[in-house]
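Trainee: So you can see what is in the structure, the chains are spelled out below.
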Amino acid sequence: MIARIVAASALGALAAASPSVAADWSTFNGNLQAQKYSTETQITPDNVKNLAKAWELHTGDVSDGSGGKPSSVWSATPLFVNGTLYLATPFYRIFAVDPGNGKVKWTFDTHDGLKALTQPALKTRGVAYWQSATPQAGQPCQKIVYIGTMEAKLFAVDADTGKACAGFGVNGMLDVNLWNTTNNKWPLSLLQPPTVYKDTLFIGWAGKDWANAVNSPGTIFAVDAATGKLKWTFDSIPKEDQVKTGTANVWASMSVDPDDNMLYVPISSPSPNFYGGDRKEKLPMGTSVTALDADTGAVIWSRQLIHHDLWDFDTNSAPVLIDIKKNGVSVPALVESSKQGLLYVLNRKTGEPVYPITERPAPASDVPGEQASPTQPYVALPEPTISDTWPGVFPLADALSLGYCSNEAKKLRYDGKFTPPTLKGDGSLTYPASPGGVEWGGGAVDPETDTYVVNSSSVVQIYQLLTRADYDAKSHGKDASDYFPQEGAPYGFHITNFVSPQGIPCWNPPYGTLSAYNLDTGALLWKKPFGEVQQWGFYMPESWGSVTIGSPIITKSGVIFIGASMDSRVRAIDLKTGDVLWKSLVDAPAVASPITYSYNGKQYVVFVAGGNAILTPTVSDQVVAYALPN
Amino acid sequence: MSLVAFLIEGIAAMAVEIDRHAYGAWLIAIISLIGLALALRGYFTPNDGISFTPGALLVVISTALILAASVLLGLTGLPVWVIVVLDVLLLLGLLGTALAAWFLQTYLLVALMFVGVIAWIVHVISPRLFHAVSTNVGAGT
Numbered sequence: 000m001i002a003r004i005v006a007a008s009a010l011g012a013l014a015a016a017s018p019s020v021a022a023d024w025s026t027f028n029g030n031l032q033a034q035k036y037s038t039e040t041q042i043t044p045d046n047v048k049n050l051a052k053a054w055e056l057h058t059g060d061v062s063d064g065s066g067g068k069p070s071s072v073w074s075a076t077p078l079f080v081n082g083t084l085y086l087a088t089p090f091y092r093i094f095a096v097d098p099g100n101g102k103v104k105w106t107f108d109t110h111d112g113l114k115a116l117t118q119p120a121l122k123t124r125g126v127a128y129w130q131s132a133t134p135q136a137g138q139p140c141q142k143i144v145y146i147g148t149m150e151a152k153l154f155a156v157d158a159d160t161g162k163a164c165a166g167f168g169v170n171g172m173l174d175v176n177l178w179n180t181t182n183n184k185w186p187l188s189l190l191q192p193p194t195v196y197k198d199t200l201f202i203g204w205a206g207k208d209w210a211n212a213v214n215s216p217g218t219i220f221a222v223d224a225a226t227g228k229l230k231w232t233f234d235s236i237p238k239e240d241q242v243k244t245g246t247a248n249v250w251a252s253m254s255v256d257p258d259d260n261m262l263y264v265p266i267s268s269p270s271p272n273f274y275g276g277d278r279k280e281k282l283p284m285g286t287s288v289t290a291l292d293a294d295t296g297a298v299i300w301s302r303q304l305i306h307h308d309l310w311d312f313d314t315n316s317a318p319v320l321i322d323i324k325k326n327g328v329s330v331p332a333l334v335e336s337s338k339q340g341l342l343y344v345l346n347r348k349t350g351e352p353v354y355p356i357t358e359r360p361a362p363a364s365d366v367p368g369e370q371a372s373p374t375q376p377y378v379a380l381p382e383p384t385i386s387d388t389w390p391g392v393f394p395l396a397d398a399l400s401l402g403y404c405s406n407e408a409k410k411l412r413y414d415g416k417f418t419p420p421t422l423k424g425d426g427s428l429t430y431p432a433s434p435g436g437v438e439w440g441g442g443a444v445d446p447e448t449d450t451y452v453v454n455s456s457s458v459v460q461i462y463q464l465l466t467r468a469d470y471d472a473k474s475h476g477k478d479a480s481d482y483f484p485q486e487g488a489p490y491g492f493h494i495t496n497f498v499s500p501q502g503i504p505c506w507n508p509p510y511g512t513l514s515a516y517n518l519d520t521g522a523l524l525w526k527k528p529f530g531e532v533q534q535w536g537f538y539m540p541e542s543w544g545s546v547t548i549g550s551p552i553i554t555k556s557g558v559i560f561i562g563a564s565m566d567s568r569v570r571a572i573d574l575k576t577g578d579v580l581w582k583s584l585v586d587a588p589a590v591a592s593p594i595t596y597s598y599n600g601k602q603y604v605v606f607v608a609g610g611n612a613i614l615t616p617t618v619s620d621q622v623v624a625y626a627l628p629n
Numbered sequence: 000m001s002l003v004a005f006l007i008e009g010i011a012a013m014a015v016e017i018d019r020h021a022y023g024a025w026l027i028a029i030i031s032l033i034g035l036a037l038a039l040r041g042y043f044t045p046n047d048g049i050s051f052t053p054g055a056l057l058v059v060i061s062t063a064l065i066l067a068a069s070v071l072l073g074l075t076g077l078p079v080w081v082i083v084v085l086d087v088l089l090l091l092g093l094l095g096t097a098l099a100a101w102f103l104q105t106y107l108l109v110a111l112m113f114v115g116v117i118a119w120i121v122h123v124i125s126p127r128l129f130h131a132v133s134t135n136v137g138a139g140t
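Residue numbers (numbering that gives the first Met the number 0), protein chains in the order written: chain A, 0 to 629; chain B, 0 to 140.
Treat each hint with caution, since some may be false.
Straight-line alpha carbon distances no greater than 25 Å define the calculated SDA-like cross-link-like pairs of lysine to any residue that follow [said to hold, decoys possible]:
| hint | chain 1 | residue 1 | chain 2 | residue 2 |
| --- | --- | --- | --- | --- |
| 1 | A | Lys-52 | B | Asp-47 |
| 2 | A | Lys-582 | B | Trp-101 |
| 3 | A | Lys-555 | A | Lys-601 |
| 4 | A | Lys-52 | B | Arg-40 |
| 5 | A | Lys-348 | A | Thr-295 |
| 6 | A | Lys-582 | B | Ser-50 |
| 7 | A | Lys-102 | B | Pro-45 |
| 8 | A | Lys-582 | B | Thr-52 |
| 9 | A | Lys-52 | B | Tyr-42 |
| 10 | A | Lys-52 | B | Tyr-106 |
| 11 | A | Lys-526 | A | Val-579 |
| 12 | A | Lys-52 | B | Pro-45 |
| 13 | A | Lys-582 | B | Leu-98 |
| 14 | A | Lys-48 | B | Val-109 |
| 15 | A | Lys-582 | B | Leu-37 |
| 16 | A | Lys-527 | B | Trp-101 |
| 17 | A | Lys-68 | A | Gly-476 |
| 18 | A | Lys-52 | B | Ser-50 |
| 19 | A | Lys-582 | B | Asp-47 |
| 20 | A | Lys-48 | B | Leu-107 |
| 21 | A | Lys-52 | B | Phe-43 |
| 22 | A | Lys-207 | A | Asp-469 |
| 23 | A | Lys-52 | B | Gln-104 |
| 24 | A | Lys-582 | B | Gln-104 |
| 25 | A | Lys-324 | A | Trp-300 |
| 26 | A | Lys-48 | B | Gln-104 |
| 27 | A | Lys-48 | B | Trp-101 |
| 28 | A | Lys-324 | A | Gly-350 |
| 29 | A | Lys-325 | A | Pro-376 |
| 30 | A | Lys-582 | B | Tyr-42 |
| 31 | A | Lys-52 | B | Leu-107 |
| 32 | A | Lys-68 | B | Pro-45 |
| 33 | A | Lys-582 | B | Leu-107 |
| 34 | A | Lys-184 | A | Asp-481 |
| 35 | A | Lys-48 | B | Phe-102 |
| 36 | A | Lys-582 | B | Val-109 |
These are calculated hints, taken from the structure and not from any lab test.
The following block holds chain A by itself, in its conformation from the complex (with noise of 0.2 Å):
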């Protein structure tokens, strides 16, 4: 025991001294950081145009939603540890890959229902996987590879064998849903991998957004890694708001300062997301970045992102953790993105804005019972991701639709930035929406440049509130899929994307970007169209960009790499320019954050190519590492 503990507080000491780099990408964010940021430097700009594929794996869990089965989302991130790759797929198997040639070594598969219980798709976000400080010789389980599944079950896997852990949990699976004390009409789905820190498991869950208006409140747990014993739990919504409203939970990644023992979560909206009249206590810690004692859940701070949230703005993405140099003075930062395309950038130890946030007036709202905040928190630097103002009328949809976009924009209600949600006319003209902005992969940081780059959206959509007897009227037939019932609140929600009859955007472009910050200073270094859009197969101009879901990451040499983008593109970008260096083609959207590492002597990048109906209907099982000739 004693030797455990000291052997434990060595590691502790060696993360904490450690640089916050490594060259196992062992983590969703590839460090606990979430920097997303590798110190290999054999690709570099210069020679990155003659990547070629080294590998590519097809695991066969996929679906595009025919015969019965959901179609699929893979957005995960696969983990370089343990000498192996490790994947999770859709359908809830585990790959353990060898990382040089893509040859499987072995596979686990958790035999969940595969059934879109929570989410409108079967999805992951990958594995976690943990290590004991003190491994047994001879005892398995001392290296532990972990999958979550829609059924709200975690599995722990032995990562060298494939087997069971049966140490975990009961038999090697831990029900996380024996701990759903609110709601019994959906499980708390496990798609984003457990965060790992010394011997614990960080456990948030992902519900059925806008389906109900009391929901579990957003409780994270803290688990034994070894044995999946409860530790602590955390509650983001106090006891007593409870019975009114739910959610608020973390359904992204998170980030964890070793140095200070603290762990960052992402805080998402209460339910229901777009109404609050019967939510209207302050629930400080809806919409936030929190600050935790990961030993015991204790909140350090808290900073609420959205007041009363109506728009469904979830923190949606691990706070990067980077050291900058603020005027030739060392800060301890986090930078927060957001669906909002507002970059906060905060004193991590603190909670305090490194850059000014302000207090903007809001608009009210014009829903009997609601009552908007009438301020908004604003961040000027760094510059937003997106315009504050909506970006205008198309002419070219306009045109093409013989004037229905600028004619429905007339009929909607925008009173600028949070405008909110209505039931009068045609409902609310939305911009930033719930695609954001940013999405859940956030963004990447170069901590020896202090360079923060992120890929973000320009998405407008339509909110429209509808009296239940409206909601009971119109949520039937084709455009189904657009209503959303918000059970137990007195109005049902319809949301759709602006676009004309064609199904052009009825906005102007770009309509995704990739941007550089010097965090230093808050300054924009570069921001481009980022992607391209196909329509019937052909392929819009580049300076429309596309919408972006993924995220990219930074290697020493300069190299940022990236899929996300709807034209099934991975990408290689230059890290002081923007400038696109080498692309290729996959067979879907490469909506899952890439990794890259070195094995024997060759650096590989991998993309796993799965898709998102979000973006196209085309989905995949392709796994593809590039490399460069020997």
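Model the placement of chain B on the given structure of chain A, informed by the hints.
Mentor: Coordinates of chain B only, in the frame set by chain A:
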């Protein structure tokens, strides 16, 4: 009756034979044959970015029509008005296919279509057309 059906019927009623001197038309035919093969490959190759898309199908159809039109122009005995109509349609087809191929990012097909336009210019300035015109004018007087 559609224009295509009208043309086919009219042509079938005439005694036509291969014009071995219609170099431009035959060059367009060869180019469009290669273009058709490229377009078919783009349409049927899985996961090439445009496979089985309406856009890829469009260039399959357009290159096939260019091939048919250029073969017709390689025949003798066509009425002048048919030649003129086919020439105009052929140019529109070449330019339209080049534009579609550009947006499909099938740049080899774009290049082929521009070679086709050059061949089309060769075709229209060749003595063949003038010869056909004078023959038909003479027949009418």
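Trainee: Does each hint hold? Answer for all of them.
Mentor: So, going through the hints one by one against the coordinates:
1. Our distance criterion of 25 Å between C-alpha atoms is met by Lys-52 (chain A) and Asp-47 (chain B), whose separation comes to about 15 Å.
2. Among the hinted pairs, Lys-582 (chain A) with Trp-101 (chain B) is consistent with the structure: their alpha-carbon atoms are about 18 Å apart, no more than 25 Å.
3. Restraint check for Lys-555 (chain A) and Lys-601 (chain A): satisfied, since their Cα atoms lie roughly 15 Å apart, inside the 25 Å limit.
4. Between Lys-52 (chain A) and Arg-40 (chain B), the direct Cα distance comes to roughly 21 Å. Compliance with the 25 Å bound is thereby established for this hinted pair.
5. For a cut-off of 25 Å, the pair hint linking Lys-348 (chain A) to Thr-295 (chain A) stands: about 17 Å separates their Cα positions.
6. A C-alpha spacing of about 19 Å is found between Lys-582 (chain A) and Ser-50 (chain B), which places the hinted pair at or below 25 Å, so the restraint holds.
7. Taking the CA atoms of Lys-102 (chain A) and Pro-45 (chain B), the gap is about 23 Å. The hint holds against a cut of 25 Å.
8. Between the alpha carbons of Lys-582 (chain A) and Thr-52 (chain B) the distance comes to roughly 21 Å, so the proposed pair stays at or under 25 Å and holds.
9. This hinted pair checks out: Lys-52 (chain A) and Tyr-42 (chain B) have alpha carbons roughly 23 Å apart, not beyond 25 Å.
10. The hinted pair formed by Lys-52 (chain A) and Tyr-106 (chain B) meets the criterion: a straight-line CA distance of about 22 Å does not exceed 25 Å.
11. Simply put, Lys-526 (chain A) and Val-579 (chain A) have alpha-carbon atoms about 12 Å apart, close enough for the 25 Å limit, and the pair holds.
12. Distance hint between Lys-52 (chain A) and Pro-45 (chain B) is fulfilled; the C-alpha atoms sit about 17 Å from each other, no more than 25 Å.
13. At roughly 23 Å between alpha-carbon atoms, Lys-582 (chain A) and Leu-98 (chain B) fall within 25 Å of each other, so this suggested pair holds.
14. Between Lys-48 (chain A) and Val-109 (chain B) the CA atoms are separated by roughly 24 Å; this keeps the pair inside 25 Å, and the hint holds.
15. Using a Cα cut-off of 25 Å, the hinted pair Lys-582 (chain A) and Leu-37 (chain B) holds, with the two alpha carbons roughly 22 Å apart.
16. Proposed proximity of Lys-527 (chain A) and Trp-101 (chain B) is supported: the alpha carbons are some 22 Å apart, at most 25 Å.
17. The hinted pair formed by Lys-68 (chain A) and Gly-476 (chain A) meets the criterion: a straight-line CA distance of about 21 Å does not exceed 25 Å.
18. A threshold of 25 Å between alpha carbons decides the hint, and for Lys-52 (chain A) with Ser-50 (chain B) the separation of about 21 Å falls inside it, so the pair holds.
19. Taken as a hint, the Lys-582 (chain A) and Asp-47 (chain B) pair is honoured in the structure, with Cα atoms around 13 Å apart against an allowance of 25 Å.
20. The hinted pair formed by Lys-48 (chain A) and Leu-107 (chain B) meets the criterion: a straight-line CA distance of about 21 Å does not exceed 25 Å.
21. Under the criterion of a C-alpha separation no larger than 25 Å, the hint pairing Lys-52 (chain A) with Phe-43 (chain B) is consistent with the structure, at around 22 Å.
22. Restraint check: the Cα-Cα separation between Lys-207 (chain A) and Asp-469 (chain A) comes to about 22 Å, which is no more than 25 Å; the hinted pair holds.
23. Our distance criterion of 25 Å between C-alpha atoms is met by Lys-52 (chain A) and Gln-104 (chain B), whose separation comes to about 21 Å.
24. At roughly 14 Å between alpha-carbon atoms, Lys-582 (chain A) and Gln-104 (chain B) fall within 25 Å of each other, so this suggested pair holds.
25. Restraint check: the Cα-Cα separation between Lys-324 (chain A) and Trp-300 (chain A) comes to about 22 Å, which is no more than 25 Å; the hinted pair holds.
26. Only pairs whose Cα atoms come within 25 Å are accepted, and Lys-48 (chain A) paired with Gln-104 (chain B) is accepted, the gap being roughly 19 Å.
27. Proximity of Lys-48 (chain A) to Trp-101 (chain B) is assessed by CA-CA distance (about 23 Å); at most 25 Å being required, the pair is judged to hold.
28. A C-alpha spacing of about 17 Å is found between Lys-324 (chain A) and Gly-350 (chain A), which places the hinted pair at or below 25 Å, so the restraint holds.
29. In summary, the hint linking Lys-325 (chain A) to Pro-376 (chain A) is supported, as the alpha carbons are separated by about 22 Å, within the 25 Å threshold.
30. A hinted pair counts as satisfied when its Cα atoms are at most 25 Å apart, and Lys-582 (chain A) with Tyr-42 (chain B) qualifies at roughly 21 Å.
31. Straight-line distance between C-alpha atoms of Lys-52 (chain A) and Leu-107 (chain B) comes to about 23 Å, which keeps the hinted pair within the 25 Å bound.
32. For a cut-off of 25 Å, the pair hint linking Lys-68 (chain A) to Pro-45 (chain B) stands: about 22 Å separates their Cα positions.
33. A hinted pair counts as satisfied when its Cα atoms are at most 25 Å apart, and Lys-582 (chain A) with Leu-107 (chain B) qualifies at roughly 18 Å.
34. Using a Cα cut-off of 25 Å, the hinted pair Lys-184 (chain A) and Asp-481 (chain A) holds, with the two alpha carbons roughly 20 Å apart.
35. Between Lys-48 (chain A) and Phe-102 (chain B) the alpha-carbon distance is near 23 Å, which keeps this suggested pair within the 25 Å criterion.
36. About 21 Å separates the Cα atoms of Lys-582 (chain A) and Val-109 (chain B), which keeps this hinted pair within 25 Å; it holds.
Of the hints listed earlier, there is not a single one the structure fails to meet.
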